[in-house]
Amino acid sequence: MDIQNEIMNIASEMNRGFLQLIILTFLDIPSYGYDIIDSLEKIGYKVEENTLYPLLRRLEKKEILVSEWRVVDNKPRKYYSISQYGKELRKEIMKIWIIQNQILQKLDDGRKENE
Amino acid sequence: MNEKLNEYLNQVKAYLNTSDNKEDIIKELSAVIIEKAEKKYGQITDESISKILSDFGSPAEVAREYSDEQELIDRSFKNYIFMLTNTFFALIVGINLISNVFKISFTNFNPENLFLSILEIIETCFSTYFMLFGIICFLFFMLTKYKIKNIAAFWEYKDLSNFLTVKPPKVGEMISKIIFFMIFTLFVFFGIDAIINLLAKTGLQVIGISDKTIFFVFLFVGLFDLLSYAVKFYRNTELLDIVKGFFDLIVLWFATIKMESFIIADISKEINNGINIGLKVAFIVVTVLVIIELIVSILRYSINKTKNIMKV
Chain A
1 MDIQNEIMNI ASEMNRGFLQ LIILTFLDIP SYGYDIIDSL EKIGYKVEEN TLYPLLRRLE
61 KKEILVSEWR VVDNKPRKYY SISQYGKELR KEIMKIWIIQ NQILQKLDDG RKENE
Chain B
1001 MNEKLNEYLN QVKAYLNTSD NKEDIIKELS AVIIEKAEKK YGQITDESIS KILSDFGSPA
1061 EVAREYSDEQ ELIDRSFKNY IFMLTNTFFA LIVGINLISN VFKISFTNFN PENLFLSILE
1121 IIETCFSTYF MLFGIICFLF FMLTKYKIKN IAAFWEYKDL SNFLTVKPPK VGEMISKIIF
1181 FMIFTLFVFF GIDAIINLLA KTGLQVIGIS DKTIFFVFLF VGLFDLLSYA VKFYRNTELL
1241 DIVKGFFDLI VLWFATIKME SFIIADISKE INNGINIGLK VAFIVVTVLV IIELIVSILR
1301 YSINKTKNIM KV
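Order-wise, the sequence lines are chains A and B. For the first sequence, the residue numbers in the working numbering are 1 to 115. For the second sequence, the residue numbers in the working numbering are 1001 to 1312.
Hints were generated in silico from the structure; no laboratory data involved. For glycine and all other residues, C-beta sits at the position ideal for the given N, C-alpha and C. It is possible that some hints are incorrect.
To be verified - List of simulated lysine-lysine pairs, DSSO-like, C-alpha gap at most 30 Å:
1. B:Lys1051 - A:Lys42
2. A:Lys62 - B:Lys1027
3. B:Lys1078 - A:Lys46
4. B:Lys1145 - A:Lys46
5. A:Lys61 - B:Lys1145
6. B:Lys1040 - A:Lys75
7. B:Lys1280 - B:Lys1177
8. B:Lys1051 - A:Lys75
9. B:Lys1177 - A:Lys87
10. B:Lys1022 - A:Lys46
11. B:Lys1177 - A:Lys61
12. B:Lys1145 - A:Lys75
13. A:Lys78 - B:Lys1201
14. A:Lys46 - A:Lys75
Stated by the list, open to error - Label-pair ranges, simulated between beta-carbon atoms:
15. A:Gly17 - B:Met1131: 32 to 38 Å
16. A:Gly17 - B:Asp1055: 51 to 57 Å
17. A:Met14 - B:Lys1305: 56 to 62 Å
18. B:Lys1305 - A:Glu63: 53 to 59 Å
19. A:Glu13 - B:Glu1038: 33 to 39 Å
20. B:Ser1054 - A:Glu63: 32 to 38 Å
21. A:Ser81 - B:Met1131: 50 to 56 Å
22. A:Gly17 - B:Tyr1146: 45 to 51 Å
23. A:Lys95 - B:Gly1134: 49 to 55 Å
24. A:Met8 - B:Tyr1146: 17 to 23 Å
25. A:Lys91 - B:Lys1078: 55 to 61 Å
Unchecked claim - Listed below are several chain A residues computed to face chain B (Cβ distance under 8 Å; list not exhaustive):
26. Pro30
27. Gly33
28. Tyr34
29. Lys42
30. Lys46
31. Glu49
32. Asn50
33. Arg57
34. Lys62
35. Lys75
36. Pro76
37. Tyr79
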């Protein structure tokens, strides 16, 4: 079995939820697509355009994000930001993420002790 | 807007299958691509746009990301369904027709009962068409399921503009069709009897033709051809050729049921056989020509339709 391929598959599944959480955290301040990609890349998280833009729209459709068109330097840009509902959602997801992280940490500690 | 970008966005739009606002999606994509090209390459040129677009992926792939749900059959296949179903249907009807002439048909017609024969034709056509449709849908469903989605069509490799141009009807051709039709009509109504009388005068004992159906069938095909050609002056579309082709095939098919009973009631067996063989050959030639013309029309119509979708 190709280990690299398997890593990619699992990473891609993990990323799906992780990216949503990142977006919800990042968009406390309104931002537009290119800026989101650029900023995330600078902190070491690479996201494809084809993944990000449809995701932003889906989150907007679910009213987790809100958007508005602005013209900056004669360029139209669609700015997204988190809605009130999105903030409540983020709070709950963060709790889940912290619990998951703790469980994983405990399991990993136990594994290390047994080694 | 840059022409390359415009073309790309039009294609994305054509593939989009979402309840979301398509104009807004395109507007956003356009803004993003332009901004990226400007930031990365300093200016918006064909070259910088091309580089950015190659990172973005094909229009079908981009549109798929925006889709509301997984489609059973990928949107890019939808025109192939019509094209393939009709092409195979035309081929099967044609083969069945020719096999009818040789009496090895896989359909069981009753030449004595016109009503039953027509019902049989309708039933066979429907079941064959829907069976083909089902098989082709299943094929594309499997291709979609296993993500074999980006099959380049053969017309993307070759310049088919000559083949795809729908030729306008010509007055000269219309007149020659009318003249030919008139001569053939006269032959069917008076010519056949005149030939029989002439043969009788030479001493052959000719009683007559037991069934003129086959001549009337050719007449009917000719009349429909004339009418559809006349309609082309008003509205020139390949769809008309497809309807005409299928109509011709069904009429010819009906004729094969009657063919068995066509005999010149002459005592000379050799003449009878000769005439019958000649008619069968003529029948097969007409059938093959109709099928070729029909398949060409189907391909032309489907390819033009696919290309038009791309231009939306």
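For each hint, the structure was consulted:
1. B:Lys1051 - A:Lys42: Measuring from Cα to Cα gives roughly 22 Å; hence the hint holds.
2. A:Lys62 - B:Lys1027: Since the Cα atoms of A:Lys62 and B:Lys1027 sit roughly 21 Å apart, the hinted pair holds (cutoff 30 Å).
3. B:Lys1078 - A:Lys46: Violated, at about 35 Å.
4. B:Lys1145 - A:Lys46: holds, 28 Å
5. A:Lys61 - B:Lys1145: Answer holds: A:Lys61 to B:Lys1145 is near 27 Å, not above 30 Å.
6. B:Lys1040 - A:Lys75: holds, 16 Å
7. B:Lys1280 - B:Lys1177: Given that 30 Å is the threshold and the Cα spacing comes to 23 Å, the pair holds.
8. B:Lys1051 - A:Lys75: holds, 20 Å
9. B:Lys1177 - A:Lys87: violated, 76 Å
10. B:Lys1022 - A:Lys46: Since the Cα atoms of B:Lys1022 and A:Lys46 sit roughly 27 Å apart, the hinted pair holds (cutoff 30 Å).
11. B:Lys1177 - A:Lys61: violated, 61 Å
12. B:Lys1145 - A:Lys75: It is violated: about 40 Å lies between the C-alpha atoms, which goes past 30 Å.
13. A:Lys78 - B:Lys1201: violated, 93 Å
14. A:Lys46 - A:Lys75: Given that 30 Å is the threshold and the Cα spacing comes to 24 Å, the pair holds.
15. A:Gly17 - B:Met1131: 32 to 38 Å: At 45 Å between Cβs, range violated.
16. A:Gly17 - B:Asp1055: 51 to 57 Å: Between A:Gly17 and B:Asp1055, where Cβ atoms are some 25 Å apart, the hint is violated.
17. A:Met14 - B:Lys1305: 56 to 62 Å: The hint (56 to 62 Å, Cβ to Cβ) is violated, given that A:Met14 and B:Lys1305 are roughly 43 Å apart.
18. B:Lys1305 - A:Glu63: 53 to 59 Å: violated, 38 Å
19. A:Glu13 - B:Glu1038: 33 to 39 Å: Holds, since A:Glu13 and B:Glu1038 (Cβ atoms, about 35 Å apart) stay within the stated range.
20. B:Ser1054 - A:Glu63: 32 to 38 Å: For A:Glu63 against B:Ser1054, whose Cβ atoms are near 35 Å apart, the range 32 to 38 Å holds.
21. A:Ser81 - B:Met1131: 50 to 56 Å: holds, 55 Å
22. A:Gly17 - B:Tyr1146: 45 to 51 Å: violated, 26 Å
23. A:Lys95 - B:Gly1134: 49 to 55 Å: holds, 50 Å
24. A:Met8 - B:Tyr1146: 17 to 23 Å: For A:Met8 and B:Tyr1146 the Cβ distance comes to about 19 Å; the hint holds.
25. A:Lys91 - B:Lys1078: 55 to 61 Å: At roughly 44 Å between Cβ atoms, B:Lys1078 and A:Lys91 fall outside 55 to 61 Å, so the hint is violated.
26. Pro30: At 15 Å from the nearest chain B Cβ, A:Pro30 fails the 8 Å test, so the hint is violated.
27. Gly33: Cβ of A:Gly33 sits 5 Å from chain B, so the hint holds.
28. Tyr34: holds, 5 Å
29. Lys42: Hint violated; A:Lys42 Cβ to chain B Cβ min 14 Å, cut 8 Å.
30. Lys46: Violated. Min distance 12 Å.
31. Glu49: Nearest chain B Cβ about 6 Å off; hint holds.
32. Asn50: holds, 5 Å
33. Arg57: holds, 6 Å
34. Lys62: violated, 12 Å
35. Lys75: A:Lys75 check passes; min Cβ-Cβ to chain B is 6 Å, inside 8 Å.
36. Pro76: For A:Pro76, the interface hint holds, since the closest Cβ of chain B sits about 5 Å away, which is under 8 Å.
37. Tyr79: violated, 11 Å
The structure does not agree with the numbered hints 3, 9, 11, 12, 13, 15, 16, 17, 18, 22, 25, 26, 29, 30, 34, 37 stated previously, though it agrees with the rest.
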